[in-house]
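Student: Here's the letter readout for the chains.
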Amino acid sequence: MPKFSFSKYGIIFVLIALMIFSGILSPAFLSRRNILNIFWQTSYVGIIAVGITFVMIAGGIDLSVGSMVALMGAFAITMVNKFGDSNLSVVFSIFLTYVLGAVMGFGVGLLTTKGKIPAFVTTLGGMAIYRSLVLNFANGGVYMSMSQKYSSIGMKHILGLPLPMIVFIAYTIFAYILLDKTRFGRYVYAVGANETAAIYSAIKVDWVRTMTYVISGISVVTSAVLLSSMMGSVSSSSTGNNFELDAIAAAVIGGTSLSGGKGNVIGTFFGALILGVINNMLVMLNVAVYLQGMVKGLIIIGAVLLQNLKEQ
Amino acid sequence: MKKVLIFVLLIVTILSFAKFRVGVAIPAADHGWTGGMVWWAQYAIKQYANDPDVEFYLVTAKEPSEQIAQVQALLAKGIDALVINPYESAPLTPICVQAFRDGIFTIIVDRGINSEEYNVYIAGDNYMYGYLAGKYIAEKLGGKGNVVVIEGIPSTINTERVEAFKKALEPYPNVKIIAQQPGYWSREKAFEIMQTLLTKFPNIDAVWTGDDDMLHGVLLALKQAGRDKNIVLVGGACEKNIVKMIMDGHPLIGVDFTYPPNMISTAINLAVMALKGEHLNGFYQRGIPRKIILSTETVTKENAKDYYFPESVF
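So the protein sequences, as listed, match chains P and C. Note that the numbering used here has the first sequence beginning at 141, numbered continuously upward. Note that the numbering used here has the second sequence beginning at 5, numbered continuously upward.
If you are wondering where the hints come from, they were derived from the structure by calculation, not from laboratory data. Among these hints, one or two may not hold up.
[Unchecked claim] With a cut-off of at most 25 angstroms between alpha-carbon atoms, the simulated BS3-like pairs for lysine-lysine come out as follows:
no.	chain 1	residue 1	chain 2	residue 2
1	C	Lys-309	P	Lys-289
2	C	Lys-227	P	Lys-296
3	P	Lys-296	C	Lys-233
4	C	Lys-309	P	Lys-222
5	C	Lys-248	C	Lys-309
6	C	Lys-233	C	Lys-244
7	P	Lys-289	C	Lys-248
[Stated by the list, open to error] Sample of chain P residues at the chain C side, in silico, Cβ under 7 angstroms:
no.	residue
8	Ser-272
9	Asn-276
10	Met-424
We treat Cβ as the ideally placed atom computed from N, Cα and C, and that holds for glycine.
Using the sequences and the hints, build the whole thing.
Tutor: Right, dumping it as structure tokens:
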């Protein structure tokens, strides 16, 4: 049994403090409904943040996730609309979207490893390309789902819990096992911490890096399917905007290093929740419109600062 | 002498046969409404597809400096008219003024510039857009109730609308705004906010969203919470699906107010009219009016079909 590390999970205390603070100021904040809502609202960025944690630990970055959410959601909706409103069609469309997402992640991985293009550049390019494709096919408009079956997925509740929340939690547990308990996970850390050492240890560095982008792509598809089915639509211009920033912020708040080698998905999970709590709190407390950005920024910086101070 | 005269006449004839070239510079689609504006610009340009006298250059920009560069390129190419929806007023002012001083017929659309040096300014009526929504909600509630405001991206346009909305509520002291939050003109964001507000407030009688895109998010949140009854909903700008709902007699959405993205089409037509020396029918003036504020029209079940453009993207 490893010793519970305060610095690793100090983030949990930040979250609890934040929740107590909000609960005192607005009692409705701590109601069951609201807590579920926060989980629900957080899950879309949260799932992506879990994927991006792999990329960042391996020393990369993925700026394309926001536009990719729109593209993948649009693709899924287009496919469902094409194949008709049957269970088979929905399952098949989602499957196709996963294949496409994984292939795109693989492509980005190859471009950064074999093509030797910095991840920042490939994914920045991807961000522009995906968004522009989405805009082009919809002419700047909205993709609407004609399928009732598809649109019902995102609103599903299981045992009274919203489906996105369940997926988010399950996804985090799965990612935790993959990253902390498997050889692949150890390789991801090794590659990000010291590439040269990893090469000498006979780790297929390029392959590990590429796989992290595949994981990121799969995470994006998961989020995109949940989001687009919940909304029953994808807006070509606004869906997924700034998701990359929120996902990276969640990972960083959770203790993932921007320079690689360090981080964990549990931290990311709570980092994402902190962002969710902040967003919810701003609405609950009716914080003045213009000051919201400042409040958000201060809490993010404060959360990371607290963690760093604890570590020293 | 005679030779010179013939030469000059020749030049004049050639010039008069030359095409009118119109540059159209608008912001790129960053939410539903701007997507609509791009669509309507293309629509208007298509109308002139068979007109050999006019030629169009359409450019869209993601930020002010990009738009400045685009307008510079248009000026270098040589255009006779510029139709521009400035991305931001201040940074675009100098280049628009330069176009005007170069003798290019300059039409400013919607977001203004900080100068009077242009030929035409055409815009939507932000004040009435907010005011009519406020008045409708207050009257519909019978002068008493709790109102939620989900506004757009913080900006001058948005502020003007929200202030007007509040002005309209002033005569009704029992109509209270219980929450006011920015939804950034996004469905997802509006959904989130509404979900949260529904847990906070057991009694919400009306919701005003800065535009119809956000109204979709609110509708979804209400449906999910099972509170899509006895509530007055007003959006704005006439997104086609909302107009369709009004047309079909939606129980919660009774009206919508125009802020037409097709003002860009109107501006393009005005530019062509000006270049061809035409004037507005019924006006005693020969020239095109210099300032045009489009009225905010009220869309109800009765007239909704006139505002329903199924093939438009917005």
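Student: Compare the structure with each hint and give your call.
Tutor: Hint check results:
no. : hint                     : result
1   : C:Lys-309 with P:Lys-289 : 30 angstroms, violated
2   : C:Lys-227 with P:Lys-296 : 13 angstroms, holds
3   : P:Lys-296 with C:Lys-233 : 21 angstroms, holds
4   : C:Lys-309 with P:Lys-222 : 28 angstroms, violated
5   : C:Lys-248 with C:Lys-309 : 8 angstroms, holds
6   : C:Lys-233 with C:Lys-244 : 23 angstroms, holds
7   : P:Lys-289 with C:Lys-248 : 22 angstroms, holds
8   : Ser-272                  : 9 angstroms, violated
9   : Asn-276                  : 10 angstroms, violated
10  : Met-424                  : 6 angstroms, holds
Violated hints, listed in ascending order, are 1, 4, 8, 9; each of the other numbered hints is respected by the structure.
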